[in-house]
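On the provided structure of chain A, position chain B as indicated by the hints.
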Amino acid sequence: MTGDLLVILQIAGRRCALSALEVKSVIETGTITPTPRAPAWIAGITALRSQALTVIDCRRAIGLVSDAADGEWPTDHRAAVVAEGGHSYALLVDGIEDITTAAGEVGQIPGGFGAEWSRVARGMIETMAGPALLVDLGALLAGPEAVRGEIEAAA
Amino acid sequence: MDDLLAEFIAETREMLEASGGELVAWEADPADRARLDTIFRFVHTVKGNCGFFDFPRLASLSHAAEDALADCRAGRRDPDQHLVSGVLAIIDRIAQMIDAIEAGEDLAAFGPEGGDEDLIALLDVSHETSFSAGLEGVKEGSGGGLAAASEDQGTPTARRADPAAQRTIRLPVELLDRVMSGVSDMVLARNDLAHRLRQAGTQPTIDGPFERLTTILSDVRDAITRMRMQRIETLFSALPRLVRDVSAECGKQVMIDLDGGDVELDREMIETIRDPLTHIIRNAIDHGIEAPSTRLQHGKREIGLLAIAARQSGNTISIVIADDGRGLDEERIAAKAVATGLVTAQDRAAMPRDKVLNLIFEPGFSTAETVSNVSGRGVGLDVVRQNLEKVGGSIKVASAPGHGTTFTLQIPLTLSIIAGLTVEVAGHRFAIPQSYVEEIVQASSRALDFTRMGETALVTFRGKRVPCLMLGEVLGLAEGEATATEPTLVMLRLASGDLFALAVEGIHNHGDLVVKPLAPAVMKSGLYAGSTLLDDGTPVLLLDVANIAAQHALVSDTRARVLGAEEDAAGASADTAPRAMLFTDFAGRRSAVRLELVQRIETAPASAIDRSAARPRVVIDGLILPLLGLPDAPLTQNRVRLLRLSDGACELLYAVREVEDAVELTGALSPVPEDPLVEAITLIGGTPATLIDAHELFARHGEPPLAAERLRCTLPEGEWARAILAPLVAAAGYDIVGADEADDGTVGILFEDVYEVAEALGRPIPPRVIRLRDQPEAPAGSETIYRYDRESLLAALAAVASARTGEAA
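Protein chains in written order, with my numbering: chain A, 547 to 701; chain B, 1035 to 1843.
Here chain A stands alone, though its shape is the one from the complex (with noise of 0.2 angstroms):
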């Protein structure tokens, strides 16, 4: 992992990363078409060229926001473009800092992340800005629900 390259992301408050090898691009969000009765971690789809974009808001899809919690952290006019299974997402963040090297491989800490960010974890790592987050992009695209299926499933 040392080496590699990470975008630097603040995704509500916490410092997280995303291999550089998986964001295509970083685009400015332009209007959001809204998809009623979708989950509310999607904020809708926005164009990209004659793409269209599933606008992901990271917060929720973490599962960290409810509803009441509106207007927390700020949204950056720019967004994350990714792709998973041929789709493509545009990720809404509170803010895209940098791109830098990995100084480390992908580490856990003990006590664990928290019950929401180790869903879409994959480890601490140092970084030259510091030691952030790497997020599992699956598991975040995955979103909250996923957990409470799975629970469900096992129950």
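Hints listed in this document are in silico derivations from the structure and should not be mistaken for laboratory results.
Given the structure is predicted, the values throughout are model-derived calculations rather than measurements.
Positions of the beta carbon are idealized from the N, C-alpha and C atoms, including for glycine.
Distance ranges between label pairs, derived from CB positions: (1) B:Leu1657 / A:Glu691: 51 to 59 angstroms; (2) A:Glu691 / B:Thr1328: 50 to 58 angstroms; (3) B:Ala1369 / A:Asp682: 50 to 58 angstroms; (4) A:Ser571 / B:Glu1751: 58 to 66 angstroms; (5) A:Thr647 / B:Leu1210: 32 to 40 angstroms; (6) A:Ser571 / B:Leu1210: 19 to 27 angstroms; (7) B:Ala1325 / A:Asp682: 55 to 63 angstroms; (8) A:Ser571 / B:Ile1250: 23 to 31 angstroms; (9) B:Ser1641 / A:Ala566: 50 to 58 angstroms; (10) B:Arg1366 / A:Glu691: 38 to 46 angstroms; (11) A:Ala566 / B:Glu1283: 51 to 59 angstroms; (12) A:Ala566 / B:Glu1305: 33 to 41 angstroms; (13) A:Ala566 / B:Ala1044: 30 to 38 angstroms.
Looking from chain A toward chain B, a few residues come up when the C-beta cut is under 7 angstroms (computed): (14) Arg583; (15) Ala584; (16) Ile591; (17) Ala593.
Just chain B, lined up with the frame of chain A:
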């Protein structure tokens, strides 16, 4: 090396597909040398290629098949059932191994080294080559020998490529998709540019090239769309093999007849219908076609016939699968449906045969008493129907007892571009596939008899109660006031025949939509089928109409039947009383016009109305039509409701304030002699209404129909004639035709100098000529007209016209 391997896999696949049909044809006629050669060539190529890639097991398999086939070619052995099955088994194993190689799996999954001996032993022929010998031996010893042998036998046709084959290249689909989205981007950029150009005003130097760009772009877009098309042959080529295998399993004899393989279909769509088609074919052979002995008893040919034909009609492809088997048993289906509770015995009694037959597509239905290996694996025809409906297709069945069954599949040409309608609700826009839209109705709630039954809304449409969904409620959006008072209803007809209304706030436009898939998390809501981009680049969601209806339990067979019965009743009563369209005109009068006259109810923007001439006109569908019933004061609304009336030959429009409903004229008609425009006054629903006299209306305002045979005229050459003379002549009621289309009745307009030359040289001159001169003053004795002398020219044209009419009379 990886590229080479991918090439090898793709090539082998292609040959496998092609040879599937050949094999069966060869089995039917083992003496067919051409087929044998094709199959031989296939195994030979595989053998050569896999030696190169070091796949010893593939090599030994193909080698064994090749040996056996070579013996047949050389006449040392007769191809029999045993040998064909053996070769087929080997080809199947090769196909499996190719799949494994592509997936990067170990071939050991197919058993230990030498696990193919059983298959090879099936052929029971290769005595001269020992398989325990190493790969080297196989390759060098027999491979070289056979290649030489096949050349010695000298069948020159065997090595020549099929001249009819299209020249093709193989491309990754991803690349095609990228090009396609690139073109879509270009279209969006073009639209943006067009928008800006319009804002900047007309600029001839830019508009010309821009027009050209637009034309080129739409051509390219068409071509790219076609690139995704594939001949349905690719699907058909696997069917003979399938039919052979299934019929062998069932102990039946079935002949397959394929037609329309050249019909082209979106690549993805072909994949979508592959399973449904396979399922229906399996069913037809397993349940439809009888055993040979039974067929003979019934006086049929021993061999059953399965005919599959594909046809394209407009934007849909229909695929018909017909067998000549025993047909569907109406009674058994009905009994089963009653037993499983799909219908009640009472309903059953009222059901016509075709409705009973189509019950086989209902979930949880399967008549096969014994679940055989071939069909009836729990995956029923309901899944087939579901899968087809998912892509906007449909399926139905017809059957004659003892004569066979016909399944008809209707599928759209492509998944990715559909005709659609954009609607608005609560400030959001959504797209609806056009194929579902039956009609768009705009009326007040009162006229529609809008009622709430519990939570369900009902509207009355053409005398029927139709369930109505509020799109705003379906999507959980705030309901606008406009929807409640004057909704726009989109009447949607589902593939099952169910009709329902979707209330929206407005209709925007319709056109071709390029549909893109949505992320799974959004799809899970079950409301959307995809997304598309509008011309301005805004993304909109495409509604999944079938699923929305299903979520609201609007797709039930019972309901469709009830409505069907009502429809018949309404049809019967319609004969008894004349019907009229009731409306309120701009003077506030309650009026009616006979329904037969009303072609359509139009809604036109106020801008489409031209009141500059003495008689108001309106532009509808690109036609300028006379307009009546407007108030004297300027219009206050942005949109005007218009009744489009027609007497069969000419049309006119009648502006109304509000359209109420179609009613029956049951009351007595009392004539009103003082007003010629009123036919009568009658009571409708207890209040008087004036019935408009259509005869007088059309006599006064109808445009005279265009003459069936127009006068024709040829014009001199040159820009002046085209730009200045032609409009004048056309306005005088002439059709401008080229010299080559001219006949005896055609008037020729010629310049004097041209006329003189033609006369002098004895060239043909039209029988009627109008001669033009360049100078205002006429030379003495000349029958010419100055070219800017409008009056004289028109008089001359009119004189010719009246002479013509006189002749005709």
